[in-house]
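Asks: So the chains spell out like this:
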Amino acid sequence: MLKALNKTGLVFFPAFDWAIDPTHPEREERLLYTQDQVTEEGIFDISGIIEYKPELVTTEDIRRAHFCAPDEETITTQSHLISAGGAKAIADAVLNKEVKSGFALVRPPGHHSMRVSHGGRGFCHINIEAIMVEYIRSRFGVKKIAIIDTDCHHGDGTNDIFWHDPDVLFISLHQDGRTMYPGSGFPGELGGPNAKGSNLNIPLPPGTSTKGYLYVIENCVLPVLEEFKPDLIVNSAGQDNHYTDPLTNMNFSAQGYAKLTSLLKPDIAVLEGGYSIEGALPYVNLGIILAMAGLDYSGVVEPDYNPDRLKQSVSITDKIKKTADLINSYWKQKDELRQKAGTPGDLQVRHKEIFYDTDNIFERQKETVRICRDCGGCFEIDSTATPGGHILAVHIPINACKTCIETGYKFFDKADAGKFDKVFLQDRTKDTYEIK
Amino acid sequence: MIIGIDVGGTHTDAVLLSSNGIEKKVKVSTDSTDLFHTILSGFSQLLDNIDPKKIKRVVISTTLTTNAIVQQNMNPVGMIVSAGPGIDPASFKTGKHYYCVTGSINHRGREKAPVNKMEIEDIARKMKKQGIEYVGVVGKFCVRNPSHEILIKRISNKYFKKIFLGHHVSGNLNFPRRIATTHLNAAVFSLHKSFFEAVKQSLEEKGLTVPIQILKADGGTMSLESSMSFPGQTVLSGPAASIMGAIPYAPENQDAIVLDIGGTTTDIAFLVDKAPLLEPVGIRRGQYKSLIRSLRTDSKGIGGDSVVRVKDKELVIGPDRKGPAMAFGGHEPTPTDALVVLGLMDEGNLQNARKGIHAIALDLGLTDDEAADQIFKKCCSIILKKTFEMIDKLNSKPVYTVHEFLEGYKISPRKILLLGGPAPYFAKKIEELYQIETVAVPEYSVANAIGAALARTTCEVSLNADTEHGIVTAHEEDFAEPISKTYSDDDLIETAYALLKEKAINSGADPDNLDEVEVVEFQKFNIVRNFSPRGKIFRTKIQLKPGLIKGFEKVLQ
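Protein chains in written order, with the working numbering: chain A, -7 to 428; chain B, 533 to 1089.
Hints in this document: simulated from the structure, not taken from any laboratory.
Backbone N, C-alpha and C fix where the C-beta goes; we use that ideal spot for every residue, glycine too.
Any given hint might turn out to be false.
Claimed, not checked - Listed below are several chain A residues computed to face chain B (Cβ distance under 7 Å; list not exhaustive):
| id | residue |
| --- | --- |
| 1 | N(-2) |
| 2 | I12 |
| 3 | P14 |
| 4 | E32 |
| 5 | S254 |
| 6 | P274 |
| 7 | G291 |
| 8 | L302 |
The following block holds chain A by itself, in its conformation from the complex (with noise of 0.2 Å):
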């Protein structure tokens, strides 16, 4: 009979009834292959393997990490609500300690959502990671959390959302953004400026093995866990890193996916994108949900599987050995980036401009935030988006000192209420969310 030797936590919500459209991607068929697989393992007889409803989550929740315009229900559909609730479901498992770790195979996918949301980008309205990690820090008060994103594609919603933020460390690991959407995650991205090196954005050229992956893991994601000292690790497990994936041009397998679940020992996974539906996600989440669980993987491997053939070329090799040693170099730097980025108390604009690709939809936005020592750092959020609407976003870290939170209170009292659709001011101090 077997047996977990770690508790693991299951929700599995493959919306069978949501597609983005017929034959999007991101369709009912999705997890329909995978549901088959781990049905027929007999995952959920194993014992230590608990399986747990998803929940849905609640306007409040969603206010803890997005701002959404014109309103949370514009822009959400059934599906996504549950699929986030599915990720707040294993964390409260994990963080109530009913089991040691937990994993979410849910669709809508979310990470590339971003704090300010018009509607959907690359698949994805919330961000499913984000909200669950703001209901964590404030239901159970937990300081430091990792979030390591290994999906292909760049996790610039995620990114974009704790951009700010010292006590959570983004690590995103994707192929390189000059042959991929979104088209960032470049070395330089570092974090904002009370937070550089906070963010570590890992390119991998195309062609990458499951070696190119380890290596990665082994030198450069795990030493930097080691001195950052999470109290949480999340892990976004996209599967689109798979050598079958259509989406994309990467050569990672099963075996690779399992083995980098049990270097990385993430207490939370959740599913992110992966398209090949067939012939990689099947094996890719069992792989998974046995490395969780401490349990043999070593019989998880597709039927086409040929390691010869995807090994990766000597110049590939050693492209990826000089991006992991320019981000540990950053990595090390990172105090001194914060002091250099600017003098505490200044105000500092940056402007962005932002695509939704899914819902066609253009954004620009002239960001404002306090230079701090002490805290993440105020900031607001001036956004228009076409089509849609002009809103001002004030946002207070959970950390906030007391001279960024008045200057969160003055941003939001000063906006002219006349001149946006909307105002919101997030003030995660004491998790309230206004509006005028």
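Here the structure of chain A is known, so what remains is to put chain B in place on it, guided by the hints.
Replies: Chain B alone, transformed into the frame defined by chain A:
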């Protein structure tokens, strides 16, 4: 007239029913070493002075297979298992003669690695040499494509008496459970066969020639002939018999709890609008998990004969039983003794019961009556607590679509139906303590036999249509037919109904009792490759719901 007989662990109950109600009821002690004799003595007493020609239906429920499992008294079975990628199939080893072979089918039913004929031949010869007569062959994803199982059977058929194939067991996915279930069918086959052939012959000698029906764990019946391929389905038919016996008294359009309070355990089950809940996958008992369709019941270690103790000034009841209550010659105080002391139960030796309760009362610093009352209350509260825990568990069942998630049914029972010896005493107390309508089922002591007598035939078919591959299959029924690209939802349901009807009639169903059909599952997916639609996958599962046969309304009053 019809007959229901339930061979339980301690008692065997039998009833003879006519459209006027209960004509006769019989209770005999079960001799677990000779169930054949037990069953015959039940029949003899029941048929005394009755013309056997008047009997139109006979349903039998026995603990034969359950006992065989508990006593490890089964045939050695050879297993040939083919897995492909995934968990090591050696983890599901059923015994000494267990062989993992090459060959693999994937989740879509495509062959990924072929069967090695030489390998199968070698294994078959080896097992034959070791005296193996019964063999189970199970492939991963055989319910999507059984060709490997069929081929392995063809290669090894000549060496063995009977070969059981995994895809015949169930249309459900779950490879480990399929291995366990196929193994069980093969292991109890010869026992089941010789027992029921003997029963059939003896009944024929008594002039009883109607086809015998066997009760299954899902509260339905199957013909004796079809039971030969799936003898494992008779396991745990006892609890199912009791639940079926409670149905006549369940409220309509409401949920009810069924509690069968026995000596050692209490069985807990639920009825939703008079229909019993089924296990989603199959029978589970501790480590043992199968694909055998079954009613959802939980057995908890609390009953009339549970041992009562005082631990750290706290009353503890069960979960063990050490013989009968002191009032009936036992050595440990029990809730039954409390009932005797309280004067609720007339039977039994009051003096002995009081002796046991007195010891408890001394430890608690109470009078005998106070102690007895506390024991009784505590016993009720344990039973109810376990019941509410089970409701919470049922209501937290995960779901797979938005629709189901939002419409997810929540059980909220308004009535409790009690069965078993002490039912009437408990009914009053539970109602008083919990303010929930509680009744002891009339004829509570033979409700199980009534349930068996009235249970109708049940069955289920699972279909999978794949328009990209151009085929609709129900491998469990050995059914496969080509389909066109335009195959629709309606076509699938029509095929499913036809197959279900055929299966039901073959299992001995009365054609007049075939209207309770229910679509349990229906899913439809577009298959898309390279951004263009290639076809559709349809899946459905339909069942003949567990329930009671028509025409015995009077019995229900």
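Asks: If a hint holds in the structure, say so; if it doesn't, say that too.
Replies: Comparing the hints with the structure gives:
1. For N(-2)(A), the interface hint is violated, the least distance from its beta-carbon to any beta-carbon of chain B being 16 Å, above 7 Å.
2. Evaluation of the I12(A) hint against chain B yields a violated restraint, the C-beta minimum of about 12 Å exceeding 7 Å.
3. Because the smallest distance between the Cβ of P14(A) and any Cβ of chain B comes to about 5 Å, under 7 Å, the interface hint for this residue holds.
4. Because the beta carbon of E32(A) sits about 4 Å from the nearest beta carbon in chain B, less than 7 Å, this interface hint is met.
5. Taking 7 Å as the C-beta cut-off, the interface hint given for S254(A) is violated, the closest approach to chain B being about 16 Å.
6. Given hint, P274(A) at the interface with chain B, holds; its Cβ is 6 Å from that chain's nearest Cβ, closer than 7 Å.
7. The beta carbon of G291(A) is positioned within 7 Å of a beta carbon in chain B (closest approach about 5 Å), and the interface hint is therefore held.
8. Taking 7 Å as the C-beta cut-off, the interface hint given for L302(A) is violated, the closest approach to chain B being about 16 Å.
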